[in-house]
Amino acid sequence: MNPLNPQLVMYEEEQKQIQAIAERLHQDSRARTILLIDKNGQLVAAAGDSAALDTTSLSSLVAGNVAATGGIAQLLREDEFTAQFHEGKGMSIHMSLVGRRIILVVLFDKNTTQGLVRLRVKKAQDELVPIFEALAKKVPTQSAPFAEITDQDIDNLFND
Amino acid sequence: MSFINYSSREINCKLVYYGPGLCGKTTNLQYIYNKTRPEAKGKMISLATETERTLFFDFLPLSLGEIRGFKTRFHLYTVPGQVFYDASRKLILKGVDGVCFVADSQDARYDANIESLENLRINLQEQGYDLDKLPYVMQYNKRDLPNAMSIEELSAALNPTRVPEFEAIAPNGQGVFDTLKALAKQVLAELRKGT
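Residue numbers (my numbering), protein chains in the order written: chain P, 120 to 279; chain W, 259 to 453.
The hints are all genuine.
Straight line, CA to CA, 27 angstroms or less: simulated DSS-like cross-link-like pairs of lysine-lysine: (1) W:Lys-391 - W:Lys-352; (2) W:Lys-301 - W:Lys-352; (3) W:Lys-391 - P:Lys-256; (4) P:Lys-158 - W:Lys-299.
Treat the hints as calculated values from the structure; they're not laboratory data.
Work out the full structure, taking the sequences as your base and the hints as a guide.
Here it is as structure tokens:
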């Protein structure tokens, strides 16, 4: 296991807690959509109006964007830029870091303001950080699904 | 690293295509994209310059089906091959589960292959990875070109550890899926070991 980049494992209990925080943030901030994305580009949770969005592509691009911004920070000897904001005519996007591993993305329109979004994001961050910290330390209680896979299972994935 | 979600019963893995400029990394992904059934793939994203050189990365999400009730997804990335985009290459390698090195078989690109492979090893080390311990496959691309070096020469120079290696002509697909399958299998086998 790579100590610099540990594997992210999500369990039912934590997923529910995270989802609840995302839903509340969605309501309180009056945003269109909330996304929680792993820094490697994997979507962890979504709340609000996400059905019409290509969340897979969005996750990958947001992670790339945050990674590039992190690279710029390093060159400037800044530890990290913890938040960034892109303003569009109709839609705007606010991205901020939760701990060192997760990106909280808020998509919003004229229905709310950047100030309200930032305020609510701060509260959600405070709630999310301990959950992800606990998740990182959690010892698996369920048996790993992949311990028992056979070569045949793997071959079957490619049989089409 | 892979992301295992017990709640939604999904497993996501990140595969990176690495290699010197113009070796055919993007062409590999384009072929995979064109030949994969619509329900198994997402949109392919290419962050490229106006002359279609990869600027940051290409991205292709593939959904291969289920293993033991878990949806298995692979996120394929390419890096920009040109030497001066090294900062971007490092970023793409973050969280990688498996690497495919695409070598350009032409003799004029021999030094570029060596340099890129060395660069891969160094950039992985910076992220805390050891290439020799990662799922890793080698592809010798552009086998159809008249100035292609022999497989023996390429293998001796680029593949001293004897990882699985494949001959390819990426534009017509030869060797493309064989390479991908071999890498995906290694990644899944690694998950079996590691979890």
